[in-house]
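> So you can see what is in the structure, the chains are spelled out below.
2 protein chains.
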Amino acid sequence: MIKDRFLRALRCQPVDCTPIWMMRQAGRFLPEYRATRARAGDFLTLCKTPELACEVTLQPVQRFPLDAAIIFSDILTIPDAMGLGLTLNEGEGPRFQHPVRHEKDVQRLFVPDPESELRYVTDAIRLVKTALQGRIPLIGFSGSPWTLATYMVEGRGSRDFRIIKTMLYDRPELLQQMLSIVSEAVITYLKAQAAAGVQAMMVFDTWGGVLSHQAFLDFSLQYMHRIVTAVKATYPEIPLILFTKGGGQWLPALADTGCDALGLDWTCSLAKARQLTANKVALQGNLDPAALYASAETIRKQVAAVLADFGPGPGHVFNLGHGVNPDTDPERVAVLIDAVHEQSRQSK
Amino acid sequence: MIKDRFLRALRCQPVDCTPIWMMRQAGRFLPEYRATRARAGDFLTLCKTPELACEVTLQPVQRFPLDAAIIFSDILTIPDAMGLGLTLNEGEGPRFQHPVRHEKDVQRLFVPDPESELRYVTDAIRLVKTALQGRIPLIGFSGSPWTLATYMVEGRGSRDFRIIKTMLYDRPELLQQMLSIVSEAVITYLKAQAAAGVQAMMVFDTWGGVLSHQAFLDFSLQYMHRIVTAVKATYPEIPLILFTKGGGQWLPALADTGCDALGLDWTCSLAKARQLTANKVALQGNLDPAALYASAETIRKQVAAVLADFGPGPGHVFNLGHGVNPDTDPERVAVLIDAVHEQSRQSK
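Chains as they are written, first to last, in our numbering: chain Z, 236 to 583; chain S, 236 to 583.
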């Protein structure tokens with residue numbers, strides 16, 4: 236029997252109180268993170284040095300009674316390992332030197348070997364596992380194929396996604412060829428993370444919400460479905476969470492992929508999401524990260540509202556609806572975590 | 236009996252073919268607009284000079300067989316008329332010199348008299364009406380109270396809405412006091428536009444989609460509901476369209492306000508939206524504006540997909556799911572409009 240609160244909730248099993256972790260919990264809102272980051276020099280060095288990645292992974296779970304750790308890394312490690320020339324400079328966001336736009340670019344793509352090109356990630360996982368000694372579970376993750384493709388094609392972050400959407404509308408088969416290769420890479424990468432010891436996995440579909448409903452099904456969901464099927468075939472016991480930001484309209488389709496849980500942003504009602512997904516999956520979320528700018532008293536009220544929205548019964552992992560904002564006061568995060576544990580314990 | 240295609244569609248009456256207009260059709264993608272804009276000197280002068288506003292309103296409907304004109308203006312005319320000191324400089328977006336953040340700022344707010352402070356808008360409407368001579372209907376509009384409040388509180392465009400969300404969570408009664416005044420201003424403004432001759436009205440809730448589901452109901456929908464009730468009480472015969480970008484999860488609640496039509500962004504399925512709103516309202520939308528970057532052939536296919544998604548029966552106004560992008564080729568817009576008319580005529 237699994238005793239862990241977070242893993243039990245992901246399996247919709249009863250828990251003593253609602254588990255909580257936060258997207259981007261290992262990150263800029265923590266002064267100790269900023270110190271390690273300064274020591275590393277730049278962000279990519281921090282990602283690629285297992286000892287440093289391990290250190291920042293552990294920081295939030297040392298400071299707060301969080302119910303899970305998530306390996307510190309970046310979703311762009313896969314395209315970087317594909318040789319697209321990633322740079323991540325302060326203030327300008329990610330850039331790829333060799334964006335993927337033409338047939339010849341797609342033909343050059345390959346599935347990186349996680350135990351060589353991405354060894355730094357699995358090494359960091361092994362270090363964190365040793366340090367945690369089973370105290371709380373460790374989550375592994377990847378970007379979704381569509382989300383990775385947006386950066387690979389645009390060559391950087393985008394607001395209108397002009398280049399990839401032109402490809403989607405005019406050259407759908409080329410984009411699908413690319414998404415197939417990226418999906419294979421994600422599958423291989425997540426399996427390597429599982430082999431290295433992660434106890435849950437999450438796929439971040441950060442940009443699925445910019446697609447039309449039909450394009451979402453054809454260019455994002457289809458590939459996430461493929462990933463769930465392949466990863467669960469090898470690791471059926473490891474819970475897999477899908478999170479499409481802005482995907483509240485597509486929850487039933489997301490739940491039908493065979494994943495174990497869905498991440499929800501704060502625009503969704505948890506109560507409605509439970510109905511829509513017919514208790515097929517656990518739900519993770521979904522406090523507005525901006526609520527952490529409010530007073531302690533307000534935060535406690537907002538926690539109560541989220542817990543009440545989910546309602547009684549198992550299958551809830553508390554989280555923010557998106558990553559914690561870099562200018563969040565760590566003291567407010569402490570209030571949040573205590574409120575989730577206390578209030579949910581009372582109602583169990 | 237109303238003969239006009241656009242007004243009939245908004246009333247869910249049969250039409251010869253599906254009417255189309257485009258959000259931001261009077262705008263930067265047109266070279267003739269850019270010429271008038273250059274002549275005006277700056278954007279606010281363009282808005283505030285009725286002859287120039289009339290000229291750019293007419294430009295798209297002179298060039299294309301569009302089924303409606305929309306008065307050229309900006310959603311920030313109301314807070315500007317409230318004396319908040321609006322500037323709209325190229326490249327930096329709107330700024331307010333006097334943002335509304337404290338009790339004293341809210342107490343200073345007032346409902347502007349549309350026939351004095353906003354006379355330039357109703358004057359432009361009268362000029363356009365004379366020029367159109369009833370050829371096609373003219374749409375009036377306003378920003379939603381929540382959307383206007385985001386600019387009034389933040390003092391500029393925002394990505395995280397930190398200041399207004401902190402107010403929302405910590406001082407909800409202060410924000411609601413502000414939203415009540417802004418709602419009164421919107422009601423007065425829309426009634427003045429109706430009196431000046433607009434034949435349909437639209438409320439743009441551009442930023443409703445950044446709210447949590449409960450906050451959307453309390454801080455955006457509630458005030459749009461109030462506007463619909465008040466404006467329809469005086470002008471029951473003028474169709475009113477509500478558009479919350481990113482509001483696909485809230486369509487049933489939006490339809491229950493008593494509005495005549497809902498605008499949909501491209502993430503919504505029109506078929507699903509019809510089910511969810513039980514044919515209570517007409518639907519307006521919802522081609523991805525990025526589809527206009529594609530080839531003429533692709534655009535025709537995407538038009539077919541949108542028309543098929545809506546399916547047979549009345550109550551559809553074709554539009555983009557958001558404003559037309561400034562770098563759109565006007566030739567592609569011509570393809571779009573012809574495709575909508577031709578394809579829908581065949582299927583009637």
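Worth flagging that the hints you see were computed from the coordinates, not collected in a lab.
Check before you lean on any hint, since a few could be wrong.
Since the list gives no way to pick out one identical chain from another, each pair is judged satisfied if it fits inside one copy or across any two copies.
[Said to hold, decoys possible] Derived lysine to any residue pairs resembling SDA-like cross-links, with alpha carbons at most 25 Å apart:
id : residue 1 : residue 2
1  : Lys426    : Ala465
2  : Lys238    : Ser415
3  : Lys536    : Phe396
4  : Lys339    : Ala540
5  : Lys426    : Arg259
6  : Lys467    : Arg272
7  : Lys507    : Asp491
8  : Lys339    : Gly432
9  : Lys339    : Leu287
10 : Lys507    : Leu362
11 : Lys238    : Pro347
12 : Lys467    : Gly493
13 : Lys536    : Gln457
14 : Lys507    : Pro565
15 : Lys467    : Glu566
16 : Lys507    : Leu452
17 : Lys238    : Ala531
18 : Lys507    : Ala488
19 : Lys536    : Gly320
20 : Lys507    : Gly444
21 : Lys515    : Arg343
22 : Lys507    : Asp340
23 : Lys515    : Pro347
24 : Lys364    : Phe278
25 : Lys339    : Leu409
26 : Lys339    : His576
> For every hint, state whether the structure bears it out.
Hints and how they fare:
For a Cα distance limit of 25 Å, the shortest separation of lysine 426 from alanine 465 inside one copy, 9 Å, qualifies, whereas the shortest one across copies, 59 Å, does not. Within a single copy, lysine 238 and serine 415 get their C-alpha atoms no closer than 37 Å, and across copies no closer than 51 Å, so neither meets the 25 Å cut-off. With identical chains, the CA atoms of lysine 536 and phenylalanine 396 are at most 25 Å apart between copies only, with a shortest distance of 20 Å across copies and 38 Å within one. Within a single copy, lysine 339 and alanine 540 get their C-alpha atoms no closer than 52 Å, and across copies no closer than 30 Å, so neither meets the 25 Å cut-off.
In this homomeric assembly, lysine 426 and arginine 259 come within 25 Å of each other (Cα to Cα) only inside a single copy, at 22 Å, whereas the closest approach across copies is 47 Å. Taking identical chains as interchangeable, the C-alpha atoms of lysine 467 and arginine 272 are never at most 25 Å apart, the minima being 35 Å within one chain and 58 Å between chains. Taking the shortest Cα distances, lysine 507 and aspartate 491 sit within 25 Å of each other both inside one copy (16 Å) and across copies (18 Å). For the homomeric pair lysine 339 and glycine 432, neither the shortest alpha-carbon distance inside one copy (37 Å) nor that between copies (57 Å) is at most 25 Å.
Within a single copy, lysine 339 and leucine 287 get their C-alpha atoms no closer than 37 Å, and across copies no closer than 49 Å, so neither meets the 25 Å cut-off. In this assembly of identical chains, the alpha carbons of lysine 507 and leucine 362 never lie at most 25 Å apart, being 40 Å within a copy and 48 Å across copies at closest. In this assembly of identical chains, the alpha carbons of lysine 238 and proline 347 never lie at most 25 Å apart, being 35 Å within a copy and 63 Å across copies at closest. When the C-alpha separation of lysine 467 and glycine 493 is checked against a cutoff of 25 Å, the pair qualifies only within one copy, where the shortest distance is 8 Å, while the shortest distance between copies is 47 Å.
In this assembly of identical chains, lysine 536 and glutamine 457 lie within 25 Å of each other by CA distance solely across copies; the values are 21 Å between and 38 Å within a copy. Proximity of lysine 507 to proline 565 under the C-alpha cut-off of 25 Å is found in neither arrangement, the shortest distances being 31 Å within a copy and 42 Å between copies. With identical chains, the CA atoms of lysine 467 and glutamate 566 are never at most 25 Å apart, being 38 Å at best within one copy and 48 Å at best between copies. In this assembly of identical chains, lysine 507 and leucine 452 lie within 25 Å of each other by CA distance both inside one copy and across copies; the values are 21 Å within and 14 Å between.
Taking the shortest Cα distances, lysine 238 and alanine 531 never come within 25 Å of each other, neither inside one copy (31 Å) nor across copies (59 Å). Both within a single protomer and between protomers do lysine 507 and alanine 488 lie at most 25 Å apart by alpha-carbon distance, with minima of 15 Å and 13 Å respectively. In the homo-oligomer, the alpha carbons of lysine 536 and glycine 320 never lie at most 25 Å apart, since the shortest distance is 46 Å inside one protomer and 36 Å across protomers. Proximity of lysine 507 to glycine 444 under the C-alpha cut-off of 25 Å is found in both arrangements, the shortest distances being 19 Å within a copy and 17 Å between copies.
In this homomeric assembly, lysine 515 and arginine 343 never come within 25 Å of each other (Cα to Cα): the closest approach is 40 Å inside a single copy and 52 Å across copies. Taking CA atoms no more than 25 Å apart as the test, lysine 507 paired with aspartate 340 passes in neither setting, with 43 Å inside one copy and 38 Å between copies. For a Cα distance limit of 25 Å, the shortest separation of lysine 515 from proline 347 qualifies neither inside one copy, at 33 Å, nor across copies, at 53 Å. Taking CA atoms no more than 25 Å apart as the test, lysine 364 paired with phenylalanine 278 passes inside one copy only; the shortest distance there is 22 Å, against 58 Å between copies.
Taking the shortest Cα distances, lysine 339 and leucine 409 sit within 25 Å of each other inside one copy (10 Å), while across copies they are farther apart (58 Å). Proximity of lysine 339 to histidine 576 under the C-alpha cut-off of 25 Å is found in neither arrangement, the shortest distances being 53 Å within a copy and 39 Å between copies.
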